[in-house]
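Number of protein chains: 2
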Amino acid sequence: MKQFNSRDIDELHHLYRINLINSCSGYKSANLIGTKSEDGFSNVAVFSSVTHLGSNPGLLGFFLRPTTVMRHTYDNIKATGCFTINHIHQDILEDAHHTSAKYAREVSEFDVTSLNKIYRDDFHAPFVDGCPIQLAMEFVEEHSIPANNTVLVIGKISQLFVEEDLLHKDGFIDLSKAKVATINGLDAYAVPDFHRRLEYQRPKPGFAGRED
Amino acid sequence: MKQFNSRDIDELHHLYRINLINSCSGYKSANLIGTKSEDGFSNVAVFSSVTHLGSNPGLLGFFLRPTTVMRHTYDNIKATGCFTINHIHQDILEDAHHTSAKYAREVSEFDVTSLNKIYRDDFHAPFVDGCPIQLAMEFVEEHSIPANNTVLVIGKISQLFVEEDLLHKDGFIDLSKAKVATINGLDAYAVPDFHRRLEYQRPKPGFAGRED
Chain A
10 MKQFNSRDID ELHHLYRINL INSCSGYKSA NLIGTKSEDG FSNVAVFSSV THLGSNPGLL
70 GFFLRPTTVM RHTYDNIKAT GCFTINHIHQ DILEDAHHTS AKYAREVSEF DVTSLNKIYR
130 DDFHAPFVDG CPIQLAMEFV EEHSIPANNT VLVIGKISQL FVEEDLLHKD GFIDLSKAKV
190 ATINGLDAYA VPDFHRRLEY QRPKPGFAGR ED
Chain B
10 MKQFNSRDID ELHHLYRINL INSCSGYKSA NLIGTKSEDG FSNVAVFSSV THLGSNPGLL
70 GFFLRPTTVM RHTYDNIKAT GCFTINHIHQ DILEDAHHTS AKYAREVSEF DVTSLNKIYR
130 DDFHAPFVDG CPIQLAMEFV EEHSIPANNT VLVIGKISQL FVEEDLLHKD GFIDLSKAKV
190 ATINGLDAYA VPDFHRRLEY QRPKPGFAGR ED
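If you're matching them up, the sequences are chains A and B in order.
Using the numbering used here, the first residue of the first sequence is number 10, and each one after it goes up by one.
Using the numbering used here, the first residue of the second sequence is number 10, and each one after it goes up by one.
Source of the hints: derived by calculation from the structure; they are not laboratory data.
This one's a predicted model, so the numbers in the text were calculated from it and none came from an experiment.
Accuracy of the hints is not assured; some may be wrong.
Any copy, or any two copies together, can satisfy a pair, since identical chains are not distinguished.
Unchecked claim - Straight-line Cα separation of at most 20 Å, DMTMM-like style, residue types lysine to aspartate or glutamate; simulated pairs: (1) 213 to 120; (2) 186 to 130; (3) 11 to 220; (4) 11 to 130; (5) 165 to 115; (6) 87 to 19; (7) 186 to 147; (8) 87 to 208; (9) 178 to 220; (10) 178 to 19; (11) 165 to 19; (12) 111 to 220; (13) 188 to 202; (14) 186 to 19; (15) 186 to 202; (16) 213 to 47; (17) 188 to 173.
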């Protein structure tokens, strides 16, 4: 296997390093986060770090760098206390990826792409029309990460919208049926067309288990 | 679309809720985290929350509940300051998923599955032999999440091992070529067999950009 130690990584060319390190954690979620400023400028941006934190209450988190990039998303969340999460699917890959371009605050990504915003139930932040799963999120807390000057933003799910035919009887949402994408690295999008569900696992006979 | 508000979510049957909320953030990374206690008990466990935090330095994070489940992984990391991250791939799906069974501390998942541990360069924690990407991680910091009593553990990549034929000239690691898995919800594994790389995006002509 090819081996890189931390010094090798430090000394890599910038672009090589960001491709390598962005690829090395595995597949990432592919979401569009929608926000709107207090003065009415809407924003939508691609994020690959939305992660499940817990189901009771339903909490999700994501990472950003508020002082450098993605500042519109962060500023809008801090000012308004809300945002939306919308799943990127096969039909909108190019437009979703284009939201990574660095537009000025007064330019809405909804105006320069074919992505359409939709408002639901008087929620302040815009959803992305047509996404198979759409979440209204309330800001809960943020954590500064001193190690690299990023911020973990945590939100609570206040509304969950899902296309009915994706929903199994036990609550499972079939992402492959929805043609939801997953991200490899910075710029590669995969759309899995199949999955296998495995059973709940218990210790094998003859081996000691634990209670928790 | 089917709609759930936060009260609906609170009132769902426990199993329905964990399936629904675990599915709703999108595809998740599929990793085995390897650790070893100070007194020599090795542990390997499936995690779906490993997330990229930054490339310079190379930082990854993951979430766990130290007071309830996954305590062996957490205790070992806190005691020894290190762990490994190993990508789950098509050939080990069942064994990887089986590591979610609740074994006693003295039972190593390496002994009850076909997963084989391997040690590299005197690193204390075991790697999972055969995984196409294997990372040696040094503990950096942890953050308590009051909202649901979880912990974000952040580690720095100290060694990165990757199969040579997965590595593109620009540092991109081809996860689909490696048959790396991604997780949908609690128990569904997908193995994407294709991806599309899209170009770096700049603002379209006629629209204002920003500097950052």
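Practice task
Check residue 87 against residue 19 for me: Cα-Cα at most 20 Å, and say if that holds within a copy, between copies, both or neither.
Solution key: Close neither inside one copy (33 Å) nor across copies (26 Å); limit 20 Å.
Exercise for the section: Measure nothing new, just compare the shortest in-copy and cross-copy C-alpha distances for residue 186 and residue 202 to 20 Å and report within, between, both or neither. Expected result: both (7 Å within a copy, 16 Å between copies)
Practice task
Go through the copies and call it for residue 178 and residue 220: within, between, both or neither, with a Cα cutoff of 20 Å.
Solution key: neither (28 Å within a copy, 48 Å between copies)
Problem - Intra- versus inter-copy proximity for residue 147 and residue 186 (alpha-carbon distance at most 20 Å) - result: Neither, since 28 Å and 38 Å both go past 20 Å.
Handout entry: Within, between, both or neither, where residue 178 and residue 19 count as close if Cα-Cα is 20 Å or less
Key = Result: close only across copies, 17 Å inter versus 49 Å intra.
Practice task
Check residue 11 against residue 220 for me: Cα-Cα at most 20 Å, and say if that holds within a copy, between copies, both or neither.
Solution key: Neither. Shortest intra-copy (41 Å) and inter-copy (36 Å) distances fail the 20 Å Cα cut-off.
Handout entry: Intra- versus inter-subunit Cα pairing at 20 Å for residue 87 with residue 208
Key = Close neither inside one copy (41 Å) nor across copies (31 Å); limit 20 Å.
Practice task
Evaluate residue 111 and residue 220 at a C-alpha cut-off of 20 Å and name the case that applies: within, between, both or neither.
Solution key: between (50 Å within a copy, 7 Å between copies)
Practice task
At 20 Å max between alpha carbons, let me know whether residue 213 reaches residue 120 within a copy, between copies, both or neither.
Solution key: Between copies, since 11 Å is at most 20 Å while 56 Å is not.
Handout entry: Homo-oligomer pair classification [residue 115, residue 165; C-alpha up to 20 Å]
Key = neither (28 Å within a copy, 37 Å between copies)
Exercise for the section: Could you place residue 188 and residue 202 in one of the four classes (within, between, both, neither) given a Cα distance threshold of 20 Å? Expected result: both (7 Å within a copy, 14 Å between copies)
Handout entry: Homomeric proximity label, residue 188 with residue 173: Cα distance no greater than 20 Å
Key = Result: close within a single copy only, 14 Å intra versus 30 Å inter.
When held up to the earlier numbered hints, the structure conflicts with 2, 3, 5, 6, 7, 8, 9, 14, 16 and fits the remainder.
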